[in-house]
Amino acid sequence: MNATENVVILQEFEGTNVVSQFKRYFSLSILLLVIILASTGLLSIMVSALTGVCLLLLTGNLDLTTVYKKVNWQIFFLLAGMIPLGLAMNNTGTDMWISEQLLGFLSGRPNWVVTGTLFLVTMLMSGVVSNNATAIIMTPIAISVAQGLELDFKPFILGVMFAANFSFFTPVGYQTNTLIYGIGNYKFKHFLLIGGFLSLLLWVVATFLLTEML
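If you use the numbering used here, the sequence shown corresponds to residues 6 to 219, in order.
Hints listed in this document are in silico derivations from the structure and should not be mistaken for laboratory results. Beta carbons are placed, not taken as given, at the ideal position from N, Cα and C, and that holds for glycine. One or more of the hints may lead you astray.
To be verified - Below, a list of computed lysine-lysine pairs in the DSS-like style, where the Cα atoms sit at most 25 Å apart:
#1 K192 with K75
#2 K194 with K159
#3 K74 with K28
Unchecked claim - Distance ranges between label pairs, derived from CB positions:
#4 L205 with S25: 45 to 53 Å
#5 V133 with T71: 31 to 39 Å
#6 L62 with L205: 17 to 25 Å
#7 T99 with K194: 39 to 47 Å
#8 T56 with N95: 28 to 36 Å
#9 G113 with L33: 55 to 63 Å
#10 N137 with S34: 31 to 39 Å
#11 Q106 with N137: 17 to 25 Å
#12 F158 with L197: 45 to 53 Å
#13 L37 with H195: 28 to 36 Å
Build out the structure end to end from the sequences listed, making use of the hints.
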């Protein structure tokens with residue numbers, strides 16, 4: 006089949022393995038345990054997840070070879086490649102330039118314009134740079150803008166925090182978007198249309214709420 010012309014194999018069929026009822030319920034119990042440990046604050050999310058993985062490995066419910074085959078390594082390299090982009094913007098002074106441009110544009114503007122513009126700039130940047138890098142870059146800019154306009158900086162920090170995670174309009178704006186884009190039958194336009202509408206709605210609501218805090 007692999008040598009057949011005019012045929013492209015997108016994904017090979019894998020037969021289902023017969024799993025005992027005990028392993029199924031045990032795996033489900035581990036999942037619930039991880040959720041309980043993380044939600045109650047007994048352990049952090051990362052430690053809880055690692056604890057669950059270790060229990061599954063020790064009991065033979067999880068095989069590392071299978072895990073390695075299921076991982077889409079292209080996604081990891083894509084996300085790792087976006088981190089240096091954020092560092093480059095910081096090292097070259099691009100973040101300070103953005104801060105100066107925002108201060109010049111927002112001086113004398115109404116509060117809703119100030120919060121909405123900062124939120125929009127952060128959300129657009131997060132569409133091409135990772136959310137963590139965007140937050141690192143935009144947080145000092147938000148504080149600088151707030152101090153320059155003599156406003157409370159807390160709503161600005163909250164705006165950066167939310168806007169950096171509201172970039173649903175590109176498949177690389179957030180890790181979850183990229184994972185879905187990698188394993189699903191989605192195109193860039195799907196994120197632009199559906200995610201763009203959702204991001205626009207969240208932008209309007211967040212601008213209103215953040216302005217009320219000033």
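Consistency of the hints with the structure:
A threshold of 25 Å between alpha carbons decides the hint, and for K192 with K75 the separation of about 21 Å falls inside it, so the pair holds. Between K194 and K159 the CA atoms are separated by roughly 35 Å; this puts the pair beyond 25 Å, and the hint is violated. At most 25 Å may separate the alpha-carbon atoms for a hinted pair to count; K74 and K28 meet this at roughly 21 Å. L205 and S25 have their C-beta atoms about 49 Å apart, which keeps the hinted 45 to 53 Å range intact.
Separated by about 34 Å at the C-beta atoms, V133 and T71 satisfy the suggested range of 31 to 39 Å. Between L62 and L205, the C-beta spacing of about 44 Å breaks the proposed range 17 to 25 Å. Range check, T99 to K194: about 29 Å between beta-carbon atoms, so the 39 to 47 Å window is missed. Distance hint for T56 and N95: a CB-CB separation of about 35 Å, consistent with the stated range 28 to 36 Å.
Between G113 and L33 the CB atoms are about 58 Å apart, so this pair conforms to the stated range of 55 to 63 Å. At roughly 32 Å, the beta carbons of N137 and S34 sit within the given window of 31 to 39 Å. Checked against the given bound of 17 to 25 Å, the beta carbons of Q106 and N137, roughly 23 Å apart, stay inside it. About 32 Å separates the C-beta atoms of F158 and L197, a value inconsistent with the hinted range of 45 to 53 Å.
In this structure the hint that L37 and H195 lie 28 to 36 Å apart at CB holds, the actual value being about 33 Å.
Hints 2, 6, 7, 12 from the list above are not met by this structure, while the remaining hints are.
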